[in-house]
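Undergrad: Top to bottom, those sequences are chains A and B. The first sequence begins at 1 in full-length UniProt numbering and counts up by one. The second sequence begins at 1 in full-length UniProt numbering and counts up by one.
Treat the hints as calculated values from the structure; they're not laboratory data. Among the clues, some could well be false.
[What the hints assert, rightly or not] With the C-beta cut set under 8 Å, the calculated list includes, among others, these residues of chain B facing chain A:
| hint | residue |
| --- | --- |
| 1 | Asp176 |
| 2 | Glu575 |
| 3 | Asn586 |
| 4 | Val597 |
| 5 | Pro602 |
[To be verified] Away from chain A, derived, C-beta distances all over 12 Å, residues of chain B:
| hint | residue |
| --- | --- |
| 6 | Lys21 |
| 7 | Gly90 |
| 8 | Leu125 |
| 9 | Gln318 |
| 10 | Arg400 |
| 11 | Lys615 |
[As the list claims (entries may be wrong)] List of simulated lysine-lysine pairs, PhoX-like, C-alpha gap at most 20 Å:
| hint | chain 1 | residue 1 | chain 2 | residue 2 |
| --- | --- | --- | --- | --- |
| 12 | A | Lys609 | B | Lys102 |
| 13 | A | Lys226 | A | Lys237 |
| 14 | A | Lys263 | A | Lys102 |
| 15 | A | Lys59 | A | Lys292 |
| 16 | B | Lys292 | B | Lys144 |
| 17 | B | Lys609 | A | Lys102 |
Where is the CB? At the ideal position from N, CA and C, for every residue including glycine.
Protein chains: 2
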Amino acid sequence: MANYHKPESKVVQELRDIANKIRIHSITSTQAAKSGHPTSCSSIAEILSVLFFNTMRYKVSAPRDPSNDRFILSKGHAAPALYAAWSEAGLFPVADLQNLRKINSDLEGHPTPRLNFIDVGTGSLGQGLAIAGGMAYVGKNYDKSNYRVYCLVGDGESAEGSIWESVHFAAHYKLDNLVVIIDVNRLGQSEETSLGHDVENYRRRFESFGMHAIVVDGHDVEELIKALHTAATTKGKPTAIVAKTFKGKNFPKIENLDNWHGKALGDNAERVIEHLNSLIKNSGPLLVHPQKPLKDDAPVVDITNIKLDSPPDYKLGQSLATRVAYGTALVKIAKNNPRVIALDGDMKNSTFSENLKKYDPTRHIECFIAEQSLVGTAIGAACRDRTVVFVSTFATFFTRAYDQIRMGAISQSNVNFVGSHCGVSIGEDGPSQMGLEDLALFRSIPGSTVFYPGDAVATERAVELAANTKGITFIRTNRPNTPVIYQNNQVFAVGKAHVVKKSDKDQIVLIGGGVTLHEAITASAELAKAGIGARVIDPFTVKPLDKETIVSNIRQCGGRAVVVEDHYYEGGLGEAVIAAAALERNTVIKHLAVGEVPRSGPPLVLLDKYGLSAKHIVAAAQEVLKI
Amino acid sequence: MANYHKPESKVVQELRDIANKIRIHSITSTQAAKSGHPTSCSSIAEILSVLFFNTMRYKVSAPRDPSNDRFILSKGHAAPALYAAWSEAGLFPVADLQNLRKINSDLEGHPTPRLNFIDVGTGSLGQGLAIAGGMAYVGKNYDKSNYRVYCLVGDGESAEGSIWESVHFAAHYKLDNLVVIIDVNRLGQSEETSLGHDVENYRRRFESFGMHAIVVDGHDVEELIKALHTAATTKGKPTAIVAKTFKGKNFPKIENLDNWHGKALGDNAERVIEHLNSLIKNSGPLLVHPQKPLKDDAPVVDITNIKLDSPPDYKLGQSLATRVAYGTALVKIAKNNPRVIALDGDMKNSTFSENLKKYDPTRHIECFIAEQSLVGTAIGAACRDRTVVFVSTFATFFTRAYDQIRMGAISQSNVNFVGSHCGVSIGEDGPSQMGLEDLALFRSIPGSTVFYPGDAVATERAVELAANTKGITFIRTNRPNTPVIYQNNQVFAVGKAHVVKKSDKDQIVLIGGGVTLHEAITASAELAKAGIGARVIDPFTVKPLDKETIVSNIRQCGGRAVVVEDHYYEGGLGEAVIAAAALERNTVIKHLAVGEVPRSGPPLVLLDKYGLSAKHIVAAAQEVLKI
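Modelling step: build the complete structure from the supplied sequences, incorporating the hints.
TA: As structure tokens, then:
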């Protein structure tokens, strides 16, 4: 407890007063909105008051300054309290709080980065701590700055396994610049949490997972100040502050009672506010105020205009897997920008992200077999544009973190995902390892860019483009070797398809991606033998899809197309292509994809068994030609 | 340690011998397949030997007998060892093991229920324990049988938060019929696990999460027998056996070394097998053999032909949310079959699954805010047809368990999911709570059935149909009230759409689901005022889609349609409808959906803002009529 000074009693009272003001704002704003979570706000009022007016160092006027301490409200439904804290700190007028949840206000029901003081969207529970861990990792290892990261987690959401993945990550990497505060208010939405007020149980859990843990009364301002000071002076370990609190604290006849989750106080508001006002002692100007960072020590970084340090260098026809080209490209962009980093979930020798680890071990973060932590950490690392993040694992294992990726879009996050081992073409490992829904997953993410490169040249350019593309990007790579079909100087762009085979007499268009692009090329050659011209298109990006090129070529070829993908029928390349032509009269498009749970077997045998091989494409083309 | 008898030394040696035989089979089968994970098999050989030949009680000839003990290999990549154990137990000839990973063999790379001795597919890590917990919950609370459940978990996969959700669930519900054995072999795929061989650390974690924990040498047959006996006599708590093992145990020059994950031994096989053979002492007939259950005490249950105990009872035009009708229907089917159960993730007062809790608290399982555990527990509870399971939470939070749902399909699981709070129509809570990708998620699940009921009558029938439908089903319910449009005696069927408005002069078809179905009905009335006949179709099931009804009606209406959904553009109702008409020449279909991250606001304002209201449907219809 070096340097700890007990706060003056006047300071303590002011912090208590601010807490009660936060409570009042939470009530009045949810009253105005006629919905929201005032009781969940009330339990964290002292925690916010102490953090914002005593502990944290940040510039109120520049909430996203890189040297500021960070704060993440993982229990996003307590947003009104967070908005109230920033407002009391002086960022915007208190009167604005009354616009909570209105259509023309950014003070949404749960926090989003539409607000300049919010780094990430929260509201799907259990996700904040992984993001905080990513920020803390960057602060400690890349920025080497003094900023600290605070994450406030609800007790209900601590049932989410993702929280424990994140605790483990933070402890493993000794993130002593990270503090998690758990608001043990006992009550969930529909009943008591499984651990109730058993704060010692929480303490044991945090300790067993490697954190320093302190139990406090979460409504005692002095205890909170002391615990946060202890956290700041604890080296080699992150700290968990287990705060015993009461839901609806200081709301008479509501405090600590069931059935008060997620509702405005209605007729009770007036009397509760009256009580809260009676608790506020100081009315004059405040002694306490937010404190600025001691110094601006987070470096200026430039993560724009990322480029491969040398162009692709392959021979036409050379056979290699696009996952290998990913590893090559990752190192090439990392050579050109020191802020390019990669994260993996113990798959780095399969996804080839380990190439970066070999080049520069400090820029590869092993997240072990914990995909939710992997993705959350990446979102945190990308925050405030501190790094360019690439995240890889088997494509199908991103399903484990669909919720995190979805929230990543709400968070306006720039994270690049790379999924290897897609489709039945992985072979003998069987369906549990096959990415057959990854395109559906990433297409459904608003604003996403989905790359499906057809060869090694295209893959290198996809990596380069992804690094410079805002929003969530996804690159689908293949396990089997496929031939190089593009010249090294071929130009690629997001939303720009390539016609890879064409004649004036084409009667049909064949569209494929990755392994099925190569099957389509083979099918075209087969059809040519039968005197049928079949144009072949490589979409390059499945989203945005180059609608113009695809539709105009289909038109030129009699309105006929076959689209084939190593993916389930739903939500992938096929439906994207068919939807692109939905307003075209006079088109017929046959879709080949996987229609059942596949099984183990050799890759080529499986491609044929599930109807994706050149033979099936030829048959489909002949069928379409009869329509 | 009541009743514990130290095993005879001959028994101990036989169990050791069986372990080494399992090792040999794991090597020879992966040699034949030229791929697989022999070193991951080797670390668990004694554990399997003791379980299958000493501890577990089961009928070898009837592996899925309801009174058998259950075993789940969560680390599914060690499948060859599991296959070897069953083969040594006598289920099938040892020679069959050589068909591992072949296209015509069910001995796949990872276990699936295509094999009669496998309950669920594993291979996506960290999922087995939730399933085991579901089985144990059913055994203890519904079957009230003596069968016990064993789950073998890898140390690498214990980094998955889902494992800790499951440990918490099992401890909370005092599942003392459940044993988790963790194979601490130290090595992951690409490097050492984060905890290495720190078995005391694992012990602390299991204890802090409420389990009884025992550390053993996982290669010591006697220690394993004793620990499993202790587990069987420990009441009120599940037991975790932390087994220190070595990857590649008894494989000289491979044991405990890096870079041996997931590869056949190749040229090393012969010498390793020679060594293993030298360790085997007994060659004659075995003393040890699998033991049958003491009695057949799992009851016979009938979960077929589930029916509502009374028909829907609404008035046309009556306004209520389909989520409310879900709660009503759930109780109605539960009244008719005692094996109907419901699980929820602390959302029961929003999803209305709490209606069942009120009717019969023993049939509602609260899984708290841990969706992976929620879904895995449901899959376990449904195993061996012991229960009819309904699982509910907000639709978007199923994204948290996409991987578990995906694996549920591989597991041939019959679980019914019900997602409330879909789309922008939930209003002020904002995007983190809006299900806008749930149709894409559930459509991508092979063999799934996706219901999107348009009113309360349809919802009740959807629940009844789902209960009788094999595979994964999903019912999408709405938060806002909508009018009842069907008569109480309306007949519904999977894959059968309803034309809800029709005239002979219709020029266009409007298709919507849930709230947008009602907007389409309003739009049709508006268009009628302008002299335009607009037919309205309610698909009822988005998958399978009633292609025939939809396509034939579009054909009758000039090949024109508008499809509108409260969902993102990708993978939902719109793409399903457009894909259904892909091989029709002469159709044009306009798609209205949500194209960006939405914001907080009143439901009707949001429906309009994102282009889903009747006004926008009218405009879209007029646009299509010009094509």
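Undergrad: Each of the hints needs a verdict: does it hold here or not?
TA: Consistency of the hints with the structure:
Hint on Asp176 (chain B) is violated. Least Cβ distance to chain A is approximately 17 Å, over the 8 Å limit. With a least beta-carbon distance of about 4 Å to chain A, the hint placing Glu575 (chain B) at the interface is held under the 8 Å criterion. Taken as an interface hint, Asn586 (chain B) checks out: its beta carbon lies about 6 Å from the nearest beta carbon of chain A, inside 8 Å. At its closest, the beta carbon of Val597 (chain B) sits 5 Å from a beta carbon of chain A; the interface hint therefore holds under the 8 Å criterion.
The restraint placing Pro602 (chain B) at the interface with chain A holds, with a minimum CB-CB distance near 7 Å, inside the 8 Å limit. Every CB of chain A is more than 12 Å from the CB of Lys21 (chain B) (nearest about 24 Å), matching its label as outside the interface. With a least CB separation of 24 Å from chain A, Gly90 (chain B) remains clear of the 12 Å interface cut-off, as annotated. Some Cβ of chain A comes within 12 Å of the Cβ of Leu125 (chain B); the nearest lies about 5 Å off, and the non-interface call is violated.
Remark: the non-interface label on Gln318 (chain B) is consistent with the geometry, its nearest Cβ contact in chain A lying 24 Å away (cut-off 12 Å). The non-interface label for Arg400 (chain B) is inconsistent with chain A: the shortest C-beta to C-beta separation is roughly 4 Å, within 12 Å. With a cut of 12 Å on Cβ distances, Lys615 (chain B) stays outside the contact zone with chain A, its closest approach being about 17 Å. Under the criterion of a C-alpha separation no larger than 20 Å, the hint pairing Lys609 (chain A) with Lys102 (chain B) is consistent with the structure, at around 13 Å.
Note on Lys226 (chain A) and Lys237 (chain A): the hinted pairing holds, with a Cα-Cα distance of about 17 Å set against a maximum of 20 Å. Between Lys263 (chain A) and Lys102 (chain A) the CA atoms are separated by roughly 16 Å; this keeps the pair inside 20 Å, and the hint holds. At roughly 5 Å between alpha-carbon atoms, Lys59 (chain A) and Lys292 (chain A) fall within 20 Å of each other, so this suggested pair holds. The hinted pair formed by Lys292 (chain B) and Lys144 (chain B) meets the criterion: a straight-line CA distance of about 18 Å does not exceed 20 Å.
For the hint pairing Lys609 (chain B) with Lys102 (chain A), the CA-to-CA distance comes to about 13 Å; that is within 20 Å, so the pair holds.
Checked against the numbered hints given earlier, the structure breaks hints 1, 8 and 10 and satisfies all the rest.
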